[in-house]
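Construct the entire structure; sequences and hints are all you get.
There are 2 protein chains.
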Amino acid sequence: MSFPSWLSHLYRGLSRPIRRTTQPIWGSLHRSLVQSSQRRNPEFSSFAVRTNTCGELRSSHLGQEVTLCGWIQYRRQNTFLVLRDFHGLVQVVIPQDESAASVRKILCEAPVESVVQVSGTVISRPAGQENPKMPTGEIEIKVKTAELLNACKKLPFEIKDFMKKTEALRLQYRYLDLRSFQMQYNLRLRSQMVMKMREYLCNLHDPPDQHGETPSLLKGAKEFLVPSREPGKFYSLPQSPQQFKQLLMVGGLDRYFQVARCYRDEGSRPDRQPEFTQIDIEMSFVDQTGIQSLIEGLLQYSWPNDKDPVVVPFPTVTFTEALATYGTDKPDTRFGMKIIDISDVFRNTEIGFLQDALSKPHGTVKAICIPEGAKYLKRKDIESIRKFAADHFNQEILPVFLNANRNWNSPVASFIMESQRLELIRLMDTQEEDVVLLTAGEHNKACSLLGKLRLECADLLETRGMVLRDPTLFSFLWVVDFPLFLPKEENPRELESAHHPFTAPHPSDIHLLYTEPKKARSQHYDLVLNGNEIGGGSIRIHNAELQRYILATLLKEDVKMLSHLLQALDYGAPPHGGIALGLDRLICLVTGSPSIRDVIAFPKSFRGHDLMSNAPDSIPSEELKPYHIRVSWPTDSKAERAH
Amino acid sequence: MSFPSWLSHLYRGLSRPIRRTTQPIWGSLHRSLVQSSQRRNPEFSSFAVRTNTCGELRSSHLGQEVTLCGWIQYRRQNTFLVLRDFHGLVQVVIPQDESAASVRKILCEAPVESVVQVSGTVISRPAGQENPKMPTGEIEIKVKTAELLNACKKLPFEIKDFMKKTEALRLQYRYLDLRSFQMQYNLRLRSQMVMKMREYLCNLHDPPDQHGETPSLLKGAKEFLVPSREPGKFYSLPQSPQQFKQLLMVGGLDRYFQVARCYRDEGSRPDRQPEFTQIDIEMSFVDQTGIQSLIEGLLQYSWPNDKDPVVVPFPTVTFTEALATYGTDKPDTRFGMKIIDISDVFRNTEIGFLQDALSKPHGTVKAICIPEGAKYLKRKDIESIRKFAADHFNQEILPVFLNANRNWNSPVASFIMESQRLELIRLMDTQEEDVVLLTAGEHNKACSLLGKLRLECADLLETRGMVLRDPTLFSFLWVVDFPLFLPKEENPRELESAHHPFTAPHPSDIHLLYTEPKKARSQHYDLVLNGNEIGGGSIRIHNAELQRYILATLLKEDVKMLSHLLQALDYGAPPHGGIALGLDRLICLVTGSPSIRDVIAFPKSFRGHDLMSNAPDSIPSEELKPYHIRVSWPTDSKAERAH
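In the order they appear, the protein sequences are chains X and P.
When you line the first sequence up against UniProt numbering, it's residues 1 to 643, in that order.
When you line the second sequence up against UniProt numbering, it's residues 1 to 643, in that order.
Since the hints were derived computationally from the structure, they do not count as laboratory data.
Be careful, since some hints might not be right.
No copy labels: a pair is met if it fits in one copy or bridges any two.
Stated by the list, open to error - Simulated pairs of lysine-lysine, BS3-like, Cα-Cα distance not exceeding 25 Å:
hint, residue 1, residue 2
1, K154, K560
2, K387, K445
3, K222, K625
4, K560, K625
5, K625, K488
6, K330, K153
7, K625, K219
8, K153, K560
9, K556, K519
10, K165, K154
11, K360, K153
12, K330, K519
13, K518, K556
14, K378, K307
15, K338, K380
16, K222, K488
17, K625, K330
18, K144, K105
19, K338, K360
20, K560, K488
In structure tokens:
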């Protein structure tokens, strides 16, 4: 069955165009699932009162007596109605003869989105009335009996229309929003990708699903506390099953896989959810390349068939390269505009801020090339770019138009000598209409700035009509060799883990832990897709001594909190490593959805609210008693309580 | 691979005999999984540094160069050691020649349970030294190189031994307890059964897994509160995804399936866990028999091959029959000893307490027959039975020995006339050595008492050596037609839902809702296995008016809390129903484990503690501030804080 192909046609006019992805073809998802598991199509009507789904009926069913259940999508005069279920639409003929008055009454009076059950015969449509856009377009149902299963009140919004609703309205009436084609497609694709991931992992490579079933009521931590019935004692919800999956490896379970629910209380960060889902994997006796190959195979195997196939292996860049070339540790590699070091061009420049920069240690001159920038960028664009650089990075940006001195070009540019101009053109391989954005300063700072501008300009060029990023392209990238430690923000002389303290150091950098720990690289790896971090993992420390040294000596942490893990490492912990993929983000990118809230059945709002059931909510104080807690109202509590 | 067959041999002496189940044969679990999904065996060493697993090597591998990783199970003198991984054991020959001194040193000095990596050649064992009990018993490994991956400190207990450890010790060192064969078998069986359930549901019958991904931070309820950053506002953790799975059906998703984590704060009820896992299913356009057939197919499909196959359909009894025949709504149907009504026998008895009982309305005389009771039960057993009846039910029990008047028989029994004796023998089909336990009183009370005694006596007979329940037998049973309401304990004139307020009434009892609601039966169904409730579900109310009437008028509940659900029913909710299976309990019964803690990787203790990481734990008060809560210490807080 491939109804969504037509359904997408049907909705194309109405529903939000799907950003950065091809039109979904649901049928292919089904086929791919079926192919992957060598299994017949699921029986969509098994155990149900219907004989068939609305979407599956074809000419091959002509003459069959069928019973269908579904929602009234719309009614044409009082002669036809279109019935919808999860699998598609079918046309139902409303009988006109007096003998069928009762059936006619039901089908004509039931409001749109009411649920009805009809029984009748599959007949072919009168010649000329076939609808080639509909998979069921050759047939219609001649109704014998009809039953109104449930009437529908006046809707707060139309089901069909995806865009017009505000998100608040969509979330408040989520059960109606879920009836939209887009939401049903997203959730269907999500469930099918996850099932194929399970097949790949559990059946092909044996990290048994569920093995782990790691607990979600943990030792108290900073976030999402759960008061217990013991005074002053709290559980907390897991940010990730990190410790427990490591302990499973110590327990000799060899391989572990879980679709894990995790929690992060980050207040209202845009497009974050307080609870999210990750594909969580841990394996014993593996190295970094082992995990990477597993993930490449996993994504290739589970990738929807209606998208271009995933090409493996994924390219790899080091953290240092990524920063130098793209100014970020999660580069969008779907397009160029790479950062180029042009320090040598300006060794003996007369331009002041370049001289200053180059005179300092780590001082560099860097640039990116905006293709056809002279054509697409307006003067005010350049000005806002320079303002952005000054405001956020305290950096100067020098725009250079290499083809000719525009009258509105930066006066400073005129100090660039012809030789330098030619050298720039050679180094940056610029074309006639390109614009070079040039900045000078400390390496990391300059790169970060140009990294930001690279993305800003890419968006700008695309809004101006240039096609820079292929909407059907999924560009995966491994970023490796991250630093093991970072200087603490509050006190740069102290260290904190770049990721988490269980990350193993790079084999060739272990000696640095005892000399220059800041220089030590880790065995952490990030998976990046189209400029979004969709996963990260590492080889873990399995040696108790090393773990103690890093926790106690280098990170100055209280090892008591982690004593059970340190003890576990002492009892024959195997070398192990793992990774976690952010499922919501991944599905969001695959479906081209604007927000992860479009790939979660019941997401929380920006402010972490469930607008449908109104959570979080107030609790009568007597119900707090068993948990030995009281609300401590802020001083302006009345105001708070009022709002 | 079928190493566990031998492993179970190896451990049989050491490990706890597996109660009420056959010895597991792991290999068959693998085969069943592979058969079910038409897929080749998983690659257990893909992406790993090892070439093979310890358990898979056979004569067919002779001459192969292999690299193995595993734990040192034991060492015989300094000539052999046995290496263990998740897949089995293999014998490694420690080289004796001087040239291999370094390898020898590593293998001889590493403590038991240390993790080593060895490379060498698969050779056949010298004639006569094969071990037929070991799948790898024909071969051994001639080591070339060895590496100590991680040394093991002195263990708190031996890995091999399952019984000797206290449970507290097992939970404190769970990561070591998980290395025992029994735990690895339980978790492996659990993960494989769940995966087969996913295949059956997602791939064969299309309730898409994950669709639901229902949230776990809900509108505040009584249990397991999660303070939010808004003063006085709380989330709570779900007891079940009930409301959300119903809303998914309203959302038109047709079918839903989820392995759902749920939470119940019941303090320290024996063999309960504050967090547990259920197989959660909901379907649209389905009736009771549809759900029941789905579940029967699900269990048949996912049942381990090393157990007797599941026979479907499962027998069904009504709640009323179950109570009358077994004195409970979850009967253990593996044996007889049914409750029989013998009121008619004693219509004109001279025995006082029988007369009294029969003179009252609903007064009955009931009995169960203890097979060979005269042989197996001691006098003191009979006395403790009578004491139990008096203490807990305020009921008299009359033991009747039908073969002859024992001198220690109850004097009252002598008042039983010969005709009554013969009628009893006929009605209860008693044999020579049987004992009849007879009681009189109100129907439900008498049945409940005899239901308890039935189980008590069954256990008693089995401790005395009688085989009453076949240890390999899995006896499934549907219990249906429960009452929709029960009288409130605190105020019997008010009603409460027997299960939950969304349960649909029995079609033929709807009129009773408006006349005698107490008499109305529901469309709830329980699944019982060997006397344990392992699942329950119902057809739900999809009509908003009926739902409002039941909530507001009959249950006197505040409908505000559920306004979003009532609203959803108004917007074209389809008829729907579902069920939830308790996964932990099910796996516990399948594996014959004494406690559900033996089928959960990281369970909480009786008191809801994680003895390994010490959760729940105290939290510095400043970390409570963001959540606007304070601990309200009990008056004897110091004592509390001390303990």
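So, going through the hints one by one against the coordinates:
1. K154 / K560: between (60 Å within a copy, 21 Å between copies)
2. K387 / K445: within (16 Å within a copy, 85 Å between copies)
3. K222 / K625: Both, since 22 Å and 11 Å are each at most 25 Å.
4. K560 / K625: Result: close only across copies, 23 Å inter versus 30 Å intra.
5. K625 / K488: Answer is between; shortest inter-copy Cα gap is 24 Å, intra-copy 40 Å.
6. K330 / K153: neither (48 Å within a copy, 42 Å between copies)
7. K625 / K219: For K625 and K219, the Cα distance is within 25 Å both inside one copy (21 Å) and across copies (18 Å).
8. K153 / K560: Between copies, since 19 Å is at most 25 Å while 59 Å is not.
9. K556 / K519: within (18 Å within a copy, 68 Å between copies)
10. K165 / K154: within (16 Å within a copy, 65 Å between copies)
11. K360 / K153: neither (72 Å within a copy, 54 Å between copies)
12. K330 / K519: within (21 Å within a copy, 65 Å between copies)
13. K518 / K556: within (15 Å within a copy, 66 Å between copies)
14. K378 / K307: For K378 and K307, neither the intra-copy (36 Å) nor the inter-copy (75 Å) Cα distance is at most 25 Å.
15. K338 / K380: within (23 Å within a copy, 90 Å between copies)
16. K222 / K488: within (19 Å within a copy, 41 Å between copies)
17. K625 / K330: Neither: 47 Å inside a chain and 35 Å across chains, both beyond 25 Å.
18. K144 / K105: So K144 and K105 pass the 25 Å test inside one copy only (13 Å; across, 86 Å).
19. K338 / K360: within (24 Å within a copy, 94 Å between copies)
20. K560 / K488: Answer is within; shortest intra-copy Cα gap is 22 Å, inter-copy 49 Å.
Checked against the numbered hints listed earlier, the structure breaks hints 6, 11, 14, 17; every other hint is satisfied.
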